[in-house]
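**Student:** Oh and the sequence shown: position 320 is 320 in the UniProt record's numbering, straight run, nothing missing.
Ranges of calculated distance between the beta carbons of each label pair, as one might list FRET restraints: (1) D238 to Q322: 53 to 59 angstroms; (2) S250 to S316: 43 to 49 angstroms; (3) E261 to I135: 29 to 35 angstroms; (4) N42 to K187: 53 to 59 angstroms.
Note that these hints are calculated values from the structure, not bench results. Where is the CB? At the ideal position from N, CA and C, for every residue including glycine.
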Amino acid sequence: MSFALSRCIDDPETTPPAILDDQSVCGAGERLALSLARENINSAMEGPARARVEVDIYELQKTPMCQILPKGVVSVIGPASSPASGSTVSHICGEKEIPHVKIGPEETPRLPYLRFASVTLYPSNEDLSLAIGSILRSFSYPSASLVCAKAECLLRLEELVRRFLISRETLSIRMLDDNLDPTPLLKEIRDDKVATIIIDANASVSYLILKKASEGMTTAFYKYILTTMDFPLLRLDDIVDEQSNIVGFSMFNTTHPFYLEFIRSLNLSWREGCDLTYPGPALSSALMFDAVHVVVGAVRELNRSQEIGVKPLSCSSPQIWQHGTSLMNYLRMSSVHSSH
Numbered sequence: 001m002s003f004a005l006s007r008c009i010d011d012p013e014t015t016p017p018a019i020l021d022d023q024s025v026c027g028a029g030e031r032l033a034l035s036l037a038r039e040n041i042n043s044a045m046e047g048p049a050r051a052r053v054e055v056d057i058y059e060l061q062k063t064p065m066c067q068i069l070p071k072g073v074v075s076v077i078g079p080a081s082s083p084a085s086g087s088t089v090s091h092i093c094g095e096k097e098i099p100h101v102k103i104g105p106e107e108t109p110r111l112p113y114l115r116f117a118s119v120t121l122y123p124s125n126e127d128l129s130l131a132i133g134s135i136l137r138s139f140s141y142p143s144a145s146l147v148c149a150k151a152e153c154l155l156r157l158e159e160l161v162r163r164f165l166i167s168r169e170t171l172s173i174r175m176l177d178d179n180l181d182p183t184p185l186l187k188e189i190r191d192d193k194v195a196t197i198i199i200d201a202n203a204s205v206s207y208l209i210l211k212k213a214s215e216g217m218t219t220a221f222y223k224y225i226l227t228t229m230d231f232p233l234l235r236l237d238d239i240v241d242e243q244s245n246i247v248g249f250s251m252f253n254t255t256h257p258f259y260l261e262f263i264r265s266l267n268l269s270w271r272e273g274c275d276l277t278y279p280g281p282a283l284s285s286a287l288m289f290d291a292v293h294v295v296v297g298a299v300r301e302l303n304r305s306q307e308i309g310v311k312p313l314s315c316s317s318p319q320i321w322q323h324g325t326s327l328m329n330y331l332r333m334s335s336v337h338s339s340h
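Generate the whole structure from the sequences, applying the supplied hints.
**Tutor:** As structure tokens, then:
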């Protein structure tokens, strides 16, 4: 796990923070996304070179947060796929009043953070439940079955489950076994004649479930709702046809002027280092790109009203970063205008 720190402001370097914990075989492109964000920002900058953005990257396993604080940071971004580590980072940042920009799912159950909130570019569990609820509304609120790959899905989708508890419709909940074999669950759903199926699993497990469902349960009768935010990475052409009803979520703004260049760069980088077919852009890389822009934009806005600078901090000292609260307010405003 590694992360980049934002050291910045009007120093020779402006460095937005990011925690990279990519464990995939060929990489999600998070490091490249940081470089692309830096180049994209610097190419559009006017004024002295001293205001240019640079990115520092640290290995978290080698350099813990408490060893990085003395370097002086304005915020920390990430990690993307380690909710527990993200909670630890949020806790430390909260104690020091350093903004933490989250780009991955929240820890379940969610832990309270002390004194200082984080900003997240990733949909919250409540957001996900509301989105699924809106889809079910468009289906006229049918009874449904929820297939969970992990037990914490009931906490992730707590708001959705609560809605069913106060409605006339039923929600049956089924857990995948340790072997991730969906066959028994799909047979039960078919026998119960439930047509709406919600799958709470990562992209690869969701694909396995749909692959098995294609053996008779992807007809027009069935509707599938997938909760994975990596839905755009799924290649379903070989298991679905024109009758299939599968709904998922995408956070990509394909009309953004930098989108095509972003995809092209990630694709080329993937091909250079991996023999597997490029699956498409990982959400974590896009949110990493966005987060850098959000932090730099917020710092610039704040710097117009007050001259801010970093200062060395320590986990063993009660000192906080005096500009943290102001920057957090700007980050909250900026995060709704993210790039992808």
